[in-house]
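K.L.:
As they're listed, the protein sequences go chains A and B.
Just so we're aligned: 56 in the working numbering is position 56 of the first sequence, and the numbers increase by one with no gaps anywhere.
Each number in the working numbering comes from the position in the second sequence (counting from 1) with 1000 added on.
Don't take every hint at face value.
Selected chain B positions facing chain A (in silico; Cβ < 8 Å) [what the hints assert, rightly or not]:
1. Ala1070
2. Phe1088
3. Phe1089
I should point out that these hints are in silico values taken from the structure, not numbers from a laboratory.
Don't be surprised by glycine CBs; every beta carbon is placed ideally from N, CA and C.
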Amino acid sequence: MTSLIAFCLVGAMLSAYTLLDGYDLGAAAITPMLAKTRAERSAIVESIGPFWSGNEVWLVAAGGTLFALFPQAYAVSFSGFYLPFIVVLWLLMFRGIAIELRAHLPGDMWMDFWDVAFSLSSVLLILLFGVALGNLVRGLPLDPDGYFSGRFSSLLNPYASAVGVLAVVALAQHGLAYVGNSVAGALGERALRYNGRVWWFVLVAYLGVSAATIATHRGALASAPLAIVASALALAALVALRRFAAHSHAALTFRASTVFLAGLLVAAAATMYPYLIRPYPGSPGGLSIFAASPPSVTLALSVVVAAVGLVAVIAYSVFVRRRMSAKVVVHEETTA
Amino acid sequence: MFHYLFPIGTMGIAPFIAWYNYRELKTGEQRYGQAARFWTKIFAVNFAVGVVTGIPMEFQFGTNWAAFSAKTGSVIGQPLMIEGVYAFFLESVFLGVLLYGRGRVSPGLYVTSAVAVWLGSWLSGYFIVDTDAWMQHPVGYVIGPHGRIELQSLATVLLSPFAGWQYAHVMAGAVETGGFIVAGVGAYYLLAKRDIEFGREFVRAGVIVALIASVLVIFPTGDRNGADITAYQPVKLAAMEGLFATRRGAPLAIIGMPNVAGHTLIDPIFVPDLLSFLAYGNARANVDGLTAYATELWPPVELTYYAYHVMVGLGTIFIAVAGVAALLLWRRRLFVTPLGLWALLLAMPFPYIANEAGWIVAEVGRQPWIVYGLMKTQSAASPNVVSGETIFTLIGFVGMYFLLGVLFLLLTLREIAIGPAGEPATAR
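Just chain B, with the same shape it has in the complex (with noise of 0.2 Å):
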């Protein structure tokens, strides 16, 4: 959860960094150039923190999840071996280059080096995606003696049916969020009357991607995510949509609180028939409510549920920040309507956690299996690891992660204080 906080970060910011290495490149004007490395340190914090939380993850399979590990590593085990061989690498190697490479490669190098990095990351979200697909579909498998899950086609695990939209649905998520960071940037520089030129660029730029990003959020890949949930995990997007009982013409819940032991929402405003339609494109079709499911088969309803309106409601609004705020810049009112760049300013916290909730609602949604319909979450563990161990090192991480989320705020704010226009020429 924590970790996921900076691939956002990164993945979102990787592409500003490559559009204006290219530019300073193309046209030459150094304004290009500092925007570039200015993002480049930003990116550089992120990814420095990123990957100390994520090395944890790639070994956690092993040291708390024995169990899972043992049973599915020949599935798993894929996806995330060659997010370390083909996607690893070729972030840290050519990250090298951008933060040290400066002067000391060619520019059509450096530029290169910039997409390589880009590349990476969105490889690296691939392959994460696919691994989380599988759990949550699984797919080219047979079950091996002793119950073991064996690998049956590699390319049908890679390619998982489920994989495609979701990862499709996590990117634009992603490029969202980098959108409103640079564009929120940007409004704080206009805001506070310095480095006006970069202040009108990052948010130009900024205000571009956020609104196509968060159109796509929702269309068509958070529909074409929704429809895969709806043919895949049906208890699933019960839980989502709050919705109890079977009905044809199922009302969409746009607000409410679910009542999990009475069965209802409480203060609900539906919209008739709008659930079946999303779900099935006919205004009539029948949705499975929870209660066609056994009680042991239901994800945590309320999280998931809260979860998933939390995310969609943002995701509206954002639509309307970045709609808003496209209109005024077409209209060139933008770099002039102080109220236009505080909201562009204070949405920066939101994608995050709008973010976030959707993981809330992939993985809390999932349980209580760990890979869907195939081993429950409860049955994961490792057998020989006693559970003080586990808090023990549950403080730890949590320590160790709350200074490094500390050091991450206080970095990334003094970058954008010296700006960057500020400390020429060394890279970092």
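Isolated chain A (complex conformation) (with noise of 0.2 Å):
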């Protein structure tokens, strides 16, 4: 039971992970084709630059809360994963730099030059996420300790590949709707339009990735009843946004946005559970959040300590965003 809540806990935190830094890593991926000029650039990584950094920690504070109450796992798959790792750390810095660092000397060509950095770092970041995920829901060749067995090259098959393209696009949409709801004026407008035509390509991603799970694990998805559920409330959630979008709606946009993503993501982890690691279906082996935990008396504690202190960062995040919710405006002639 402990290790179920803490299964939750961990899941939790990599999908508010997805959820936060999802919209500014889709924001900055679709910012190529969005902003038509440098001020409207500035004008969308302004929409993000107080928060962006707030959101990454989920990912660092779900890194450490999965070390805690999951080191076997932590340790079998950081090492097992070693090179892929390393490359997203090293985009992740990457981004990092540019986003923070684009403003600070001036001159258009710096400018350039880390916008394009920072676009193509999340671009790269969301498609090894996404294929990360694939791989994870798929199920992954592991030898009897779990550590992975398989060749680099065999992670990119077609099942991941496609869980990565739909990572892209359903990104993208989500930057889209945040920025719709986030910049006042042409630039916000634009953005919800843009929702419109992105739309058909999740659409189409959606509908592929799906059947491929179904046809992947038809055994697993009849026990795990949740992830149907989940996944017809995204599409149910994906038929809305295309309405609030097309009523310019930015705000019930972006909701809509966000329940389609948390729908995939508990259809994800209930097909994965109950193992962290799973093994392809037929071979041996894998993690399972059972065998994986320490004892259950210490888990508990630091389950619970967790979500308290997590329960503080979502009540302060939540009044900060308050306060700082008015809307970026473009200054044309001004660097921001």
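Please dock the two separately framed chains into a single complex, following the hints provided.
P.N.:
Okay, structure coming up:
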């Protein structure tokens, strides 16, 4: 029971990361297509500037929580995927430098360079995260100790690649919805219009990945009704999103996008359960949440400590967001 | 190592930002607001580089030290998890307000945010030191099945007896660094005859903070941290002091070069009995030398010894510099004494060296253990990561860190060149 709660806690933190950093990653990824001028790019950056590092902390804190609650899984997965993880770290570093330092030197070339770096590293991060999630849902070839035993090239299998594509289009949609809700004027309206276009890509990717998941995990899905319910909810949110965007309901569009992503994440977690690292169907091994966690008394205390802290975090994050919710305006002629 | 340069900066500067924001709120004087904005910009560059260099560290436990993480994770993961949940969020969320919220939120909330960032950075420091303290002196664990080290008492780990004084010592070092940075920048403005009013304010505040902190670094925090090392890690103490033979009334080596093969110090200057007195409060006390322990339990003696002596030597010089500067300040002579200002300006890099030397003493001096007495460093690495991958990524990190170092210096120097009065209105 405690293990299940711990699994839900880590899952909830990673989902919070996806929903929150998802909008700033998505906004960064879509910037080259969305922003027409340097001032518009600056406005997008200004809309995510106060929040991105707080959003990224969800990933760091989820990593720390995984370490504390499931040290085996933490050690096995991070060293098993050494090179991909290091690439993710480099991209995260590069992205952080880009957004923080773009405005620190005057000069258009300086800013253009970092903006391209920012968008590119964001797209690659989304793709890598999507491929990683795809592989976790699909299952991995593992040796008896739980270490990854396949080839890295096998990680780019069709299923995981499809999830990677879904991640890119879904977070692009999420980023557009965020910009639509946070930036005033023509840029915000354009973002909502673009939502209508990217919607078709999201729908196709969603249907494709859903069909592939059903084909791979027919047995597992039958015992996980939550996965079915959650992906149905995601589909409903996706349908609603199109209507909200068409009627320029910016806040509702963003909420619909959030529900859509949350539905997908719950479905993914329900498909993985009870594994933290699922073996490929038919192959042995795998780390289940019950084998991977420390004794339940200490685990329960850690879960309580983390949960209490997170309630406080959510409270002051919401408070700060309310106070900082004024829409960003595009300043032509000035560099924000 | 490289990463730690930046948290020293953020932890040392954060209190000044909170202070100047508070002064602005109380007095309504614009110059305090400008001072706060100026240090916030310096802080932001420090923070950005600190975060991007710090993220890999959180994950390298898993990627590079898998055996260590798998064996000790249920203990050592706790302070790291709590750091993430209780400290990182506080610092990051409210830094967003500090950087973008001027004018968007009320002045009261703005000052609160500055205090929250300060609190977050200092809490984060505590949990990192606590993690290290556990590796120095493991407590609150039981050995479980498969030889795994399992958490027994979270409270004992979080309130590790080794952590208290070590934390106080580390924080005093960070504040001392902050004081010298603020004073050094102020001295630069006075010498360059620009932003005179800010220059005076920074020199005044910086010198006072640096003096108080530099005394605290040595006494009581350094002294008590040393007593913990004496009690829990006598081998490290012997290596720090270059003491080879066990003896009563052990002398303190002020200088001298250790000759490890010959078990002697070359060209030493000793103060008789002082080491016994410092370690045990008794000039005749018995102090174990390195030869009391098997050679394979020795840390790298030369590195530990030199790092320790660099740290203590610099710490003593800092007290002298800050003391003389404070005396001149009190006699109202400092602002017109170029020599004193130059000393403050040139002193700026040295607290960083002293801080890093301190970490070398703590970490290298702990070798060959990764967890003192429980686990050797050589058995801690990831079993399945081949050395070619490690070398490849190491080169990548070195390149990236070099780039970051250059950018950091460039941008910090630029902010100092613009100065607190320049570029009004925009917070960034």
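K.L.:
Which earlier hints turn out false for this structure, listed by number in ascending order?
P.N.:
none
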